[in-house]
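These protein sequences, in sequence, are chains A and B.
Under the numbering used here, the first residue of the first sequence is numbered 1, with each subsequent residue one higher.
Under the numbering used here, the first residue of the second sequence is numbered 485, with each subsequent residue one higher.
Heads up, a few of these hints could be off.
Below are the DSS-like pairs computed for lysine-lysine, each with C-alpha atoms no more than 27 Å apart in a straight line [to be verified]: (1) A:Lys154 x A:Lys2; (2) A:Lys483 x B:Lys707; (3) A:Lys483 x B:Lys757; (4) B:Lys546 x A:Lys141; (5) B:Lys789 x A:Lys483; (6) B:Lys804 x B:Lys867.
Simulated DEER-style distance windows between Cβ atoms [said to hold, decoys possible]: (7) A:Ser371 x B:Asp664: 45 to 51 Å; (8) A:Pro275 x B:Asp684: 29 to 35 Å; (9) B:Arg610 x A:Asp320: 31 to 37 Å; (10) B:Pro579 x A:Arg117: 27 to 33 Å; (11) A:Asp181 x B:Ala827: 43 to 49 Å.
Keep in mind that the hints were calculated from the coordinates and are not lab data.
Predicted, not measured: the structure shown is a model, and the values here were computed from it.
We put the CB at the ideal spot given by N, CA and C, even for glycine.
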Amino acid sequence: MKELTSLALEVARSSGAGYADILINRYRNQRLSAREDHLTGLSDSESFGFGVRALVRGAWGFAASNEVARDEINRVALLAVATAKANIPGRREPVRLAPVPAYEDVWQTPYVKDPLRVPLSRKVDLLLAINREALRVPGVKYCSSSLHFVREDKVFASTEGTYLEQVLVRCNPAYTVTAVDGRTGRFDTRSHDLPPAAYGYEHVEEAHLVEDAPRIAEEAVRKLRARPVTPGMRDLVLHPSNLWLTIHESVGHPTELDRALGYEANFAGTSFATPDKLGKLRFGSPIVNFVGDRILPGGLATVGYDDEGVRAQRWHLVRDGLFVDYQTTREQAHWIGQKASNGCAHADSWASIPFQRMPNVSLLPGERPLSVEELIAGVEDGIYIVGDGSYSIDQQRYNFQFSGQFFLEIKKGKLGEPLRDLAYQANTTEFWNACDGIGGPEAWMTHGTFYDGKGEPGQINAVSHACSPARFRQINILNTERKL
Amino acid sequence: MILSTDQARDLTRRILGLSKAAEALVRLDGVERNHTRFANNGITTSGSSRNLTVSIVSVFGKRHASASTNLMDDASLAEVVQRSEALARLAPEDPEWMSILPPQNYLPTEAYDDPLARLTPQDRARGIVALSRRSGQAGILASGFYEQETRASGIATSRGLFAHHPRTEASFSTTARTRDGSGSGWAGSDVGRLGDLDVDRLGRAASDKAVRSASPKELPPGKYTVILEPQAVADLISNLAESLDARDADEGRSVFSRPGGGSRIGERMVSPKVDLISEPARSGLAGIPFDDEGLPAQRVTWFEKGELRHLQTSRYWASKNATQPTGPMANLILPGGTDSLEAMIRSTERGILVTRFWYIRFVDPQTLLLTGITRDGTFLVEKGKIAHPVRNFRFNESPLSLLRNVEMISAPRRVVGQGIPMAMPAIKSHDFTFSSVSQAV
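Chain A on its own, in the form it takes in the complex (with noise of 0.2 Å):
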């Protein structure tokens, strides 16, 4: 493989390019999906090409294809010069890449079991499993069901002298029961919590996904017949599996750097954390520490190393409360003044060109224990929100609004009945400054996607997000059922 990208970068130097490096991958994907009683689903996909960055007098170019041969590396290459020469009349200023030590490495993602070797009859045999437990549940009407795995062969070299390669696994298991009321025409669904996660299959066999199907379906059922919620400001206790994307949303990419600068504005847009308010917006209340983390275990996000050769790292987004910095790449550290980048450069494919994305963005846990029990027993009216449901934000990320799976009342510090047609709408900082309460270390868990969007043309990343659960005072609660 060295000779392969030796030559790339040969090319693109010795035409005129003055950076370049190349990312050859290979990734395996297998997907299995059922219903009710059936598989209904079954692929094993692989993709395997290469793709060169080439800068030119400040300009980038990029070039890519699936023949990882030695004449279609030199067309490549000489084609990613090309393109950033005809980029050089038209970029603002010239690219200038943070410096970053030259390595030569191999990672890979810690698991045990190869989700790619384990026979096929087991997962069959898992899904049609789940399905049949929740089906035994009276009121329930369908079950589908699925698995996912990735891996991800991936190897970079730059004309800096580093080199690279790295494998990845992930796993997403999921699966969703819907209760159906054939008098009322009411139907309802309840999806389960478990994360995707940078684990082998050993996350799928130590997740009770059997064993949770009924009571999945039964919380279906009981959504049917729960109470529509009574709108008004209520103080909400978020499990981890709701919060973490409250924090994709409202933390993860507000403080991508390239949207605060404009970068992302035709497509999901900017971001009120600009530049100016580093070190001075009160992004939440003091008990409040976000983190951006490439080295989490388990995480989706997690590397040795990013796609552009800089090693994988933790450090504070915000702090006490404070915003404090930002997500990086080489070419944008020097942005707001800094000598290097943090690893946030991604690629989510040979065909695309690696850009800044999202790390793992995690919520400190409290340091001392606090239970969501206890959190809990702090409210005197309000909600517990289990599971993600319907999200949205605005494109600066000020207004969002975000749902759930199960949802029940919180009355003189006790859980009480379920609740439906529920949704939370606030501003980002007014949220985070509401929170008053945090999860001890004992209660930090990680949630994720698979399939977190970004950049045109658009490319997916996977994420993870760890955190405790959380309360928040007087948050807006919204009903949303409505007669047609």
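Based on the hints, put chain B in the right spot on chain A.
Below, chain B alone, put in the same frame as chain A:
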């Protein structure tokens, strides 16, 4: 890489020749993508990629599985066939499996434009440099995305079906923001022919809207009459289209389910002014003429004079219910009326003019309730005139309510679609629910 039709036929024959399954289906997806991205009046990234992916579905009775690769050497093709067969043999029987299709007749959908296929990085850069220069002189920060794609989809089966569809597409969109950050405008379009793309006009439209939307005033949330520009209509209707599924409706888990059982086909669910159709062969909106199984796309009327006429029906669901499958939704057209946007504004005592929406998500599938945010040009219309820009709103509303409350509709035009070509009109509708105000610009 893009294969000619003869090359595609040869490759699919070669792969089917390796198959030992009872039945087999091969898909080809060849693609060449080229793009240039810009922000703050300067080009940021630009690139191109080519790929060719082969997928094979192997079938033994009711057992099936698929495998794919983008490696085209003999050994890799043999390996992918064997991999799909090994998986299929291990798979349990799928009672819903429908057998592989024989040859089909497809609508003529001419979608290849040679000038578009030959667009270069220099061509894209030229348009962007001119737009950026003009924006800079006008005190505007322009950003955007210019993408061109040539794609060829192929399908072949062991029962003799073969189809191949090369096509070109381009998309250009731009967001213009005032330097003080208080105004933002957007314009964009998908095209199938280079001659239909006017980068200069789109750039001017976005810039003009940014200036006009600067320093918005805040209005209280509530129910408003709205005038939605075609892109805003498309943003909502694409979510409605996702829900047009016959099986979900028959199973009682859709807004199109009839309480007590069955679907609401035959019911008037929205205003009689509303039709919604797919017309795969429509010039300038041509979609892919077949789906992943080789089933032909056809003209389908989803709503006619407000009545729900069809829901998307798979081959399995059609066979179970003794109906016909609809085929894929190749494009989406709301044929609309003859009202102009200007006439809608003139006729409005008090209402909100919306350029487009953002971050739309389902809130409740029971009513198709959606939430999202207005973006890039939201204005108060008063006494028949645009009075002033307003702060963006979050909405919580169902597209079915929007279409039920329609007062006026314009002729449709091509917009930026969500995965399929779309042509949508501007719509004036009443009692649209804005639930909160956003500070976002």
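Right, here's what the structure says about each hint:
1. A:Lys154 x A:Lys2: holds (12 Å)
2. A:Lys483 x B:Lys707: holds (15 Å)
3. A:Lys483 x B:Lys757: holds (21 Å)
4. B:Lys546 x A:Lys141: Holds: lysine 546 of chain B and lysine 141 of chain A sit about 24 Å apart, inside 27 Å.
5. B:Lys789 x A:Lys483: holds (22 Å)
6. B:Lys804 x B:Lys867: Violated, at roughly 55 Å.
7. A:Ser371 x B:Asp664: 45 to 51 Å: holds (48 Å)
8. A:Pro275 x B:Asp684: 29 to 35 Å: With Cβ atoms ~33 Å apart, the hint holds.
9. B:Arg610 x A:Asp320: 31 to 37 Å: About 50 Å separates the Cβ atoms of arginine 610 of chain B and aspartate 320 of chain A, which means 31 to 37 Å is violated.
10. B:Pro579 x A:Arg117: 27 to 33 Å: Once the Cβ atoms are compared, 29 Å apart, the range 27 to 33 Å for arginine 117 of chain A and proline 579 of chain B holds.
11. A:Asp181 x B:Ala827: 43 to 49 Å: Since aspartate 181 of chain A and alanine 827 of chain B have Cβ atoms about 46 Å apart, the given range 43 to 49 Å holds.
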